[in-house]
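These are the residues of each chain, in order.
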Amino acid sequence: MRRSDSIVSKLDWVTILLFFLIVILGWLNIYAAVYDESAAQNIFSTTLNSGRQLIFIAASVVLIITILVVDFKFYDTFGYFIFGGIMFLLIFVLVFGREVAGSKSWFEIGAFRLQPSEFAKFATALAVSKFIGTSGFRMDNMKNQVVLFGIIGLPVILIMLQGDTGTAMVYSIFLFVFFREGMSPMLLLLGAAASVIFILTLLVPNHLYLYIGIVSIAGLVIFFGKRTPKRIVLVIAGALLVTGVIKSVDYVISDVLKPHQQNRIKALINPDADPLGYGWNVTQSKIAIGSGGFSGKGFLKGTQTKFDFVPEQSTDFIFCTIGEEHGWIGSLILISLFVTLLLRLIFIAERQKWRFARVYGYSVACILFFHFAVNIGMTIGLFPVIGIPLPMFSYGGSSLIGFTILIFIFLKLDAHRMQVLIR
Amino acid sequence: MNDSRKNVIQLIVIVVAMIFLIKLFSIQVLDDKYAQAATSNIIHRIVEYPYRGLIYDRNGKLIVYNTPQYDLTVTPKEVTRLDTIHFCELFNITPKEFKAKYEKMSKTKGFSYVKPNTFIKQLSNTDLARVEDYLVDFPGFDIQARTTRAYAYPVMANALGYVSEINQRQLDRDTLNYYRQGDYIGQSGIEAFYEKQLRGKRGVKFKIRNVRGIEKGDFEGGKYDTLAIAGENLITTVDIDLQRYGEELMEGKAGSIVAIEPASGEILSIVSGPSYDPSRLTGKNYSTNFATISADTLKPLFNRPLMAQYRPGSIFKIVQAMVALEEGVVNRHTRIACNRGIIGCHGPHSFEDLVGAIKHSCNPYFYTVMKRVVNQEISQDTYEDTRIGLAKWHKHIESFGLGSPLGIDLPNEKSGMVPSVSYYDRAYNNRLWKYSNIYSIAIGEGENLVVPLQMANFAATVANRGFYYIPHLIRSVGETGQPLPKYTKKHYTSVSPEHFDIAVEAMAKVVESGTGQYRAKLKDIAVCGKTGTVQNDPLPDHSVFIAFAPRDNPQIAVSVYVEDAGQGARAAASIASLMIEKYLLGETQRPHIEAYVKKGEFL
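Chains as they are written, first to last, in UniProt numbering: chain Z, 1 to 423; chain B, 1 to 603.
Hints may contain errors.
[What the hints assert, rightly or not] What the simulated footprint calls covered on chain Z by chain B, stretch by stretch (three residues with Cβ under 8 Å from a Cβ of chain B suffice, anywhere in the stretch; the number is not a length): (1) 286–292; (2) 314–328; (3) 334–342.
Calculated directly from the structure, the hints in this document are not laboratory data. Cβ coordinates follow ideal geometry from the N, Cα and C atoms, glycine included.
Could you put the whole structure together from the sequences, leaning on the hints where they help?
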């Protein structure tokens, strides 16, 4: 019975395998992105991003062992402390941080830079899980909801203050977690409806058509539905609400968003309007990916990604390298790897008997999903350009280590699922 | 229920992945637009720098123009089999310097392995002629042409300003994102004030290059290309010959000359001494020269006409007289005893009327005049009465354009100082104060401060009998344009025009038979002037003179400041009258005065 007690045998090796596959593929692609034929650089050279990424991978392995060694109850017991500590770091970075590309979200320690907001994700996931896991928690309790949104709101506000809207948006995905834990689907539907209206507002420049559409839909509903006074009032109120949303979208676009953010949304709707200005990133990214064809140009053979045409090639736009050098097949393989990993994480989350572990597992899966969907979506022009990395794949120490912690805490919890008494 | 929710989330993941794969399939496999775009076309962006606008004098003489300048660039990726020794011989550098230059370049921000980087800046024409033919031996090296400023005359440096590479602070402030690293921008003077008009518009060309960097034509038929538009030329109000003469006279002295055409507010010459040759701040030696000039203890970069603040001294008595007449507390026949017990005076006189008091610059007279303005016994309380009177006085003085920047078309104009009620409240920390505490402002000493430009403008105001146009340096943006709108508006003082005749009469007497008679009087031209001697303890006094001429239909108004040069009747009066002669007659008829000024020993 000794063998079955060992942590090694209880770990979910499917997830670990997928994790390392993505990490290694990412590393190779980082090399491809910065590769320069004439300079004859070595993949291990620490002057290159690929060499540095290898150091981060090594650091992650050390971290994985540490996480697996620590008692599994630690993460539950100290959930709020970890959350508090990281929130303190987020405040700290606002004061002492270093500004990089408009965001004040980095600490500088020697040659390396640390981005504490990458660690806020797992800390928030821990706090959310701990709170939902408390006995007596009910999703439909107003007070509980307020606390829950408070837990999420705190990192969002702090990260927005750093000027990093992209990373702050990640937290919206917790809605999925709440949905799984019993939140009314109405909220999700409302969110989806708001997005549809938002996009319609952008796509249809003449809002008169939208208003005519709203009025006719409302008219049809009243005409064909049950004509009780309550219903009619409800439909009219709904129509007015939608009109308000359209108005506020206008306001948000022109008055709240910064010019570069406006441009990213404009680039999404019509990148061809200004292919050399605000549409440059998306245009070039699509040319790089599109030129890959079915099977790609081959490893290190890409031309677009080599000549500085796509910005941020090794970080946010790393998917271009896959698309260009490995074509549709390469994209299919990478996307499949991610989908498998996500479904596997959901599967593991569902087999937890401990609510804390299950909620945490869903948080992990949803955060990864958000990054995956938004990052690839923006490189192929389906989503505005938001600077968030492709998990485990993009270059970047803080991000890799952040995701490593996120996933392996969950695997540690999963390994001990038989030891938990059902509460 | 939870099972179905799990399924919803799983479904969303799979649907998103499917959408991605379909979209990818459409752009990668179905649509070959992107593949074409990538193989044949690598878009190359070429910036065309516009010509900066030229600057002319009022008679159409060219003052500032552009001259080509050549930079040697290198694209490291394209360099093959470099013969370093040959290269170094050609460019007159040692292999060590070559290495140092390369290392410095590769560490600068924005260095690129695949794009041209500036390697040697600003080759001269002779260098270019020598190396041009050999460049084919050095693949990867290229010549990039730009223009720099050149100056027809070594004068007017501070008013023209200089142009240099934009700095980081300016880039940060450029919220419209017009400028890029390495662009040139006007840093001071006209170059800075009219930067937007002068700079023109950058052009951009998009060329398609293949993977090997060979040009394949315009991107989308040149649809997105824009032509560079040259900056607008500026026609200044300056008479460059008068300017040169003024600088000649100011040589070896610290101070300023400002000459204005009263009828239009156009500045005929604006001299700041000591100055420097503007061509030293262009081209190759900019940085070494800039360091030398800005470290000079005589501050040649300090634009004295607008930035040096002096006490107005006796010149201020004319302003006081105008205010007192307007307030009705004196008239031209009012006589006041020269009581030297309260305040010192100079010269033999004892009981003058207003004109005589100005002519003799009688201090006690204006002590009393100011007292009558300030204490009009509107209130029984002396303190309150002083406050009411001083507020009235302050309003009149301000209407002469004193105490705030006039608004000349140059940056960094100083405001001078006209003490107000609230100023004295602060200065006396809210304790009570009355006329006996503040009387030194009566004769232009005390807290009063003016800049030379304001004094020239005052001379022009008197010449115009009561109004002025804001002094300005540009009469036309573009060859047949207009000055900026604010320079075409008349500004009236709060003093009625008829009182100015008394000022004119007094100023004429100053030159005819008063303090200015020895050095400012001209044979055929009726000059009106006023001397000033500004206390500058412990150093020698500053010599000040304002004047306009001719008395009827004045063509020129001048203010002259010569620092540490003693009485206004000497250095400043001489220079001012020489400027008037030069402008009205073309040359001086009094070579001995010119020699006296150039010798420059006034003390």
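Here is how each hint holds up against the structure:
1. 286–292: holds (count 7)
2. 314–328: Our answer is that it holds, as 4 residues pass the Cβ test (under 8 Å) against chain B, meeting three.
3. 334–342: holds (count 5)
Taken one by one, the earlier hints all hold for this structure without exception.
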